[in-house]
Amino acid sequence: MYMETKPQKIFQIFNYCFLGLFGFITLYPFWYVLVASLNTGRDFMRGGVYLFPREFTWENYFYAFQDSRIYTSLSISVAKTLIGVVSSLFFTVLIAYALSVKTLPGRTFFTFFWYFTTIFGGGMIPYYMLLRDLGLTKSFWLYIFPAVYNFFNFLLIRTNFSNIPSDLRESAQIDGAGDFRILFQIYLPLSLPVLATVALFIGVGQWNDWFTGAYYQSNQDLIPAATLLRKLLNEATASSTIKVGHESSAATMQSYTSQSLQMAFVMILTMPIVVVYPFLQKYYVKGVMIGAVKG
Amino acid sequence: MNQAPARPAAGASGKSVSGRPLWRRIWQHRLLYLFLLPCMAWLLVFCYYPMYGATLAFKDYSYSLGILGSPWAGWKHFEEFVSSPEFWMVIKNTVIISGMKILFGFPAPIILALLLNEVHSGKFKRAVQTMSYLPNFVSWVVVVTLMTIVFSPYGGIVNDIRKSFGLESVFYMGRKESFYPMTVLSDIWKNAGWGSIVYLSALSGINPELYEAAVLDGAGRLKCTWHVTLPGIRETIGIMFIFAVGGILSAGFDQILLLQQPANNQISEILDTYVLKTGLNYGRFEYATAIGLFKSLFSLVVMAGANFITKKFMDVGIW
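First to last, the protein sequences are chains A and B. Residues in the first sequence are numbered from 1 upward in steps of one, following the working numbering. Residues in the second sequence are numbered from 1001 upward in steps of one, following the working numbering.
Some clues are possibly wrong.
Here chain A is said to cover these stretches of chain B; the calculated rule only asks that three of the stretch's residues, wherever they fall, bring their Cβ under 8 Å from a Cβ of chain A [said to hold, decoys possible]:
no., stretch
1, 1049-1058
2, 1094-1105
3, 1144-1153
4, 1181-1188
The hints are simulated quantities; they were obtained by calculation from the structure and are not laboratory data. From the three backbone atoms N, C-alpha and C, an ideal C-beta is built for every residue, glycine too.
With the rest of the complex left out, here is chain B (with noise of 0.2 Å):
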């Protein structure tokens, strides 16, 4: 993260390169320290605090004692999640839902950025761009009420369109059945355009020598497409995916949230959503904050997963 050449460790020796004693180089640094104080101060309220507060998925939580005077309860709450019949519920559902977009989400923009890549029109081409970049930026609230008034029974040209082919409309978003492809389709609706400028950039450093060396010997567009830009974004394609599968259990959950109905709740519940839902909804807030640790450890593994495969069949990590 720090592109700066390692300094001796500060207070080490007492010396710096320059010769000064620490105590001197830090009195002379005052005004910064007083610019990093703020964000000390934040880190530790807003950002340390709270992971002491975990502590609390051990504990039997009263609000009186506080978090620290509350007694100690040991694995109680992680015991009653496991053997709880929600458990396996929210653990199939998270798997199944992080997995489908990883399936369909995770190479849409690579092929996006790929398409767009042989375009040779850069007028076309930016076009594109600038539209497909536009979801990104509008909330995922804003999608999924976008999402209910084009699908919607009442008017929504989706079902008007069924209507015209003489078939009935289909309630989409309160249908059980449509929660996964909703989910899916949406989620790439909203982020492939975005995801691709990472490809497109790592596309645009490929050594265009490579291509009229590979036409040379005959390579057609396929062959050129598999043997030259694939290998070329490959580190980059690892990267992200490292990225997206550590990511993917906790960062879609909005949407998901968004998309969740009375209708499809059985397959729509993820380990976010259930923390929400028995923490600030039932109060069980020990509860909760111990199926919160559970789902980052989860994560860490999946993450440690993704990276050891990464590393064995593409050589690429981010440890």
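Extracted from the complex, chain A is given alone in its bound form (with noise of 0.2 Å):
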């Protein structure tokens, strides 16, 4: 299309080079902190650890698993994530298809009335005081009632069920099934690919959130991963500020240390989701391209 002049071929490999560094500065943290949890910790500390292992272990997903503190945390965020995407894909299912039934009275008042929600709230105190007052800040209910709905989960399921002839509807009817056979038997196998990525936004929200833990969760046994991983890296910055300068103190005497400990932790809140991602890469880009067309 365009004329190869000399200037382009030299913007071409400028290009090419930018974006490949991009790529690279990227992936390389992640990289890098995985070799780092394989080393061990005082070996790491002394610097020159880039691309593999110097002094290979597993010690510190060993010690990682038996911190107590560790393994409740993760065993919460797994629970959380698995009733999370069950329970909030179900009732939003159930919701986007009356919603998307456009012979419902109502239902533009319907979807108004859950819209406004996005563009104005309370505020943060006050919806605090409410998760306090109905007793989820003690619970573990805290990250699943409070989580079920979504408004941007809702619209990409519903923009899918309109997308379906309303005929199919009718002619089930009209064969006597029933709205709850029509949804699950005719509309939800019709609609697996959004329905798998709505599961994987729901799941990957589940699984990262730690506000939700550190700020209105008041029972400590029952924060997830994400909140204690939080938690660790403030204890460790609030020591390394005051160790600053004195580089062998006594903490560098065990083979691995408080830091080694956070990068194995870090890694085990990482896999999964890298493991799961280039698989639904596809998904999430095309959700992502009807919320930006349709909201």
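Could you fit the two chains together into a complex? Lean on the hints.
Laid out in structure tokens, this is it:
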């Protein structure tokens, strides 16, 4: 299309280099910490561990899983992710189906009633007081009930349902099928890609959420892994603020350090996402496109 | 939001298009209302009740009396906030951080999309895209932990390299001067890739004939970008700009919360973190609620301002 002139060739070379560098900078921190987490903590502190472990060891992971706080928090995270995905998907599918039926009286009103809450809210403090008064701040259900519905996820599923020809529903009704059967036997099988997208949005959101556990959860036995990571990070930063300048402190006597434990932990927290990610990328991208068009 | 053709208002005439009375249509859809019910209850409890709770901003709260029974206090809490020494600090920090994120963070995905668009090799393009989306899916806690390790003064790679050049190692995560660059760079690192999707899809919608015509008129690559590509995604840029401006006062705050240190508190305290601190740490519920309301109002004004600007100069708006 264009004439390949010399400046354009230079631009192309520059462009490839720049984008390659960008990709590298994006991925390298993950690789670096993975390598660091597989190296003994004391040796890592000497520096120079960049591409491969120098003193290879599994002990950081071993200690991470032995730490009862980490173990408990990981089980909380797994539980809240699984229960969150199932419950949220179930209820979102129901409402998306109901509001995709074009003959439903009051449909526009209900949609607006929900949309309004995305542009205006009461703020964090009244929300916290509500959670406290409901007794959720001491409960596991703090992670589930308030997160059941999400307007964006609802839009994705409803848009998909609205694209299913309504003749399909009408003829099924004539054959005597109820709404439950129509939803579960006709609509859902036709919407698997979007359901996978939404399930993943919910799952990633649950797995990553550290804020709810840190500020709304008062029972320390119920904090999820992401929140615990934040606590460990705070403790470590507080102690290293004091330690700056004294590189050979007593903490470095052990072969594993609080930092190496943290590195193993952050990798445990990242792995599920990195493993799942390449398989689901195309769904995610599609999901965002729909959101961009309809939003 | 609603792509259905507008129906006659329910109940206005009592008759639908199909001629059946409203109550019969409602009865006919009773199962669907059952599907709606849990969502309505949820909205009332978790979204609308806290809106009512926001009246706390105008009250003197006492736990035993509840929100409804507590006596009214007028604008007291707002006045206290506006006249407090923290007020200007918090406002200034919020504006500076938001401003820098808009200035550097907003163009980043556009530039990335434009550069990706110039790549002819599909494989290379897809590989870069796949890599650049990844940080969007990890939590900010993970990102900040990665940063702590990469920039650590003990064996962290950045300080290692500094040392090999004979420079002193720097405690980037705890130093006041590094706070703004760290915030902006990590924001770009995490969000630019994912943000570019929208622009890439807008770019793919540009009619190729426009480029051919431009080339026939003697335009080079730069001129094509300026006269065809950028105008082609102008609308997307405008809308994303309004959202970025409106959301930025609240959205980036878990990042700030995680990057906050005693050393940088002076320049990192923004409205949302201040609400959390006064409300949840010090238990001053009414005061914090008032600040929260102030912030909502503030972002609404800023968003309206952005809408006005894009309407005037780019002819796009969301309202």
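If you look at each residue in the stretch 1094-1105 of chain B, do at least three have a Cβ nearer than 8 Å to any Cβ of chain A? Check failed, 0 qualifying residues.
Verify this for me: three or more residues of the stretch 1181-1188 of chain B with a beta carbon less than 8 Å from a beta carbon of chain A. n = 0 at 8 Å, threshold three: violated.
Would you say the stretch 1049-1058 of chain B counts as covered by chain A, given the rule of at least 3 residues with C-beta under 8 Å? holds (count 7)
Residue count check for the stretch 1144-1153 of chain B against chain A: does it reach three with CB-CB under 8 Å? holds (count 9)
Going through the hint list in order, the structure does not satisfy hints 2 and 4.
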